[in-house]
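Number of protein chains: 2
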Amino acid sequence: MKTLTKIAIAAAAVSITATAMAQPKPENFVKQRQSALALIGWYFGPMGAVAKGEQPFNKDDAVRRTSNLVALSKMPWEGFVAGTDNVGNTKALPAIWTNAAKFKDAGTKMEVEIAKLAQLANAGDADGFKKQFGVVGGTCKACHDDFRKQ
Amino acid sequence: MKTLTKIAIAAAAVSITATAMAQPKPENFVKQRQSALALIGWYFGPMGAVAKGEQPFNKDDAVRRTSNLVALSKMPWEGFVAGTDNVGNTKALPAIWTNAAKFKDAGTKMEVEIAKLAQLANAGDADGFKKQFGVVGGTCKACHDDFRKQ
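In order, the protein sequence lines correspond to chains A and B.
Residue numbers for the first sequence, in the working numbering: 1 to 150.
Residue numbers for the second sequence, in the working numbering: 1 to 150.
The shape of chain A in the complex, shown without the other chains (with noise of 0.2 Å):
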């Protein structure tokens, strides 16, 4: 590995690990990324057979769901630290650090309207749950479309 993109890592490990004993490997940082994004895939998935009307709304799973839903989609973002882009079975795309503020909007985007999503769960408010379920499967497709491999 270049020497420019081991300070790159080191870089950013220390932002955002203010108390980080020794540093991540580049691997360490693809499977937090890659974990977080499984774990958002786990629990959002399951929820379109209520978005499509396959199945009833049940406001404890819904509500369980996108709690789960809320804290994870704060997470993955710290993985994607320089120099990580060619590591193991990453699917990134250099684009994610080459148009950086384009990829950080995009995962705003899926954290605010997981929020909404996450609210209306918690009013029992079937149908704006299931349009707004969309309308958050469409920043999936957003960021996946823009910055990951296909």
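Take these hints with a grain of salt, some might be off.
One copy or two, it doesn't matter: identical chains are merged, so the pair holds either way.
To be verified - Pairs of lysine-lysine residues, derived as DSS-like cross-links and limited to a Cα-Cα distance of at most 25 Å, are as follows:
#	residue 1	residue 2
1	Lys25	Lys52
2	Lys59	Lys91
3	Lys25	Lys141
4	Lys74	Lys59
5	Lys74	Lys116
6	Lys25	Lys91
7	Lys109	Lys141
8	Lys130	Lys141
9	Lys109	Lys149
10	Lys149	Lys116
11	Lys149	Lys25
12	Lys59	Lys130
The hints are simulated quantities; they were obtained by calculation from the structure and are not laboratory data.
Position chain B relative to chain A; hints supplied.
Relative to chain A, chain B alone:
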């Protein structure tokens, strides 16, 4: 339902095919629990430097990490469904299912002690936090000793 919402749902379903299915595959359960446990390690581990006095207590960082841990500590258990003890690269021991009550108790202990750690972080109680870090670590170790392949 509006057409745009339908499209967004369809797009989301395509993006998240692994979890959009009604019944996740055994390997998806393994991925779910491994993702949750990996993130628990990610947010918990670096605070060891604080507990050991190698780095100063940083309230903001401790609050962020423990807030994530409170959410994450509730997630792994749903991944340990019966029939997933010999799937992929899992280190899960059969005792998870043959001694389910003890496993559940071990998981609950971690959740409870992490909640206490988060309270101490929020209170800015550095000394209490350092002690409690060790208690939480003990719950990790106890569960790994009994229920994870070494």
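Status of each hint after checking the structure:
no.	hint	in the structure
1	Lys25 / Lys52	between (41 Å within a copy, 22 Å between copies)
2	Lys59 / Lys91	neither (34 Å within a copy, 34 Å between copies)
3	Lys25 / Lys141	between (29 Å within a copy, 23 Å between copies)
4	Lys74 / Lys59	both (23 Å within a copy, 18 Å between copies)
5	Lys74 / Lys116	both (14 Å within a copy, 22 Å between copies)
6	Lys25 / Lys91	both (18 Å within a copy, 22 Å between copies)
7	Lys109 / Lys141	within (12 Å within a copy, 38 Å between copies)
8	Lys130 / Lys141	within (17 Å within a copy, 42 Å between copies)
9	Lys109 / Lys149	within (20 Å within a copy, 40 Å between copies)
10	Lys149 / Lys116	neither (28 Å within a copy, 41 Å between copies)
11	Lys149 / Lys25	both (22 Å within a copy, 24 Å between copies)
12	Lys59 / Lys130	within (12 Å within a copy, 38 Å between copies)
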